[in-house]
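Undergrad: Turn these sequences into a full structure, and let the hints guide you.
Residues in the sequence shown are numbered consecutively from 243, following the numbering used here.
Check the hints yourself; a few may be wrong.
What follows is a set of in silico ranges between Cβ atoms, one per label pair, in the way DEER data are often shown [stated by the list, open to error]:
#1 249 <-> 410: 47 to 55 Å
#2 371 <-> 298: 40 to 48 Å
#3 291 <-> 398: 14 to 22 Å
If you're looking for bench data, these hints aren't it; they were derived computationally from the structure.
Using N, Cα and C, we set each Cβ at its ideal position, and we do this for glycine too.
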Amino acid sequence: MTAKRSNGWQWGPFTFRLPFLHTRLLWPEFLQGVFVSTATGLALVPVLQAYFGMSFEQAVTCSLLYSFFIVSSLHTFGEPYAPGWNTPALPLVLAYVIAGYPDPVQRFQAMTALSLLFAGLVTVLGVSGLGTWLMRWLPPTLRAGIILGAAFAAFKKVFIDDAEKFLLQQPISTTLACVVCLVLVFSV
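TA: Here it is, written out as structure tokens:
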């Protein structure tokens with residue numbers, strides 16, 4: 243059984259897709275992607291400020307770079323293995339880094355090491371083709387459970403654990419951001 247390849251330039255097991263040449267712009271998906279990526283990307287700003295000692299400008303820059311690399315990886319490598327696994331892992335990784343390292347510099351170094359390790363793992367999965375096998379092998383209910391568990395963990399962190407730090411300082415904007423994310427997540 244051969245999988246149908248979509249338009250693009252093949253380079254090994256990957257497919258490079260140049261925007262507007264190999265992919266077309268669909269306005270509903272584009273607008274939803276802008277809203278969701280802005281909400282999720284900028285949600286990292288207070289976390290980077292509070293736990294990693296960054297200024298607002300540095301945190302926004304990190305968020306923009308992260309968003310750029312996630313979007314460009316889709317076009318460069320053809321299939322998005324990493325973005326779907328980042329979200330469920332984030333609460334676990336943050337809990338490990340925040341609890342294990344008291345200094346913001348050590349936290350940043352630990353997060354960088356974990357990110358490089360994850361990038362290596364995803365590269366091996368992509369180059370070897372094991373990523374496709376893994377996605378087919380995992381039952382959809384388990385994948386949904388992982389993502390739902392991440393949502394519950396994030397909800398608990400914002401509304402219960404760190405309520406005095408985030409929610410109670412900016413209750414309207416935090417609640418509105420969560421509502422917008424929920425509406426956009428379930429609109430497709």
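Undergrad: Hint by hint, say whether it matches the structure.
TA: Each hint tested on the structure:
1. 249 <-> 410: 47 to 55 Å: holds, 50 Å
2. 371 <-> 298: 40 to 48 Å: Taking Cβ atoms as reference, residue 371 and residue 298 lie about 42 Å apart, which means the hint holds.
3. 291 <-> 398: 14 to 22 Å: holds, 21 Å
In this structure, none of the earlier numbered hints is contradicted; all agree with it.
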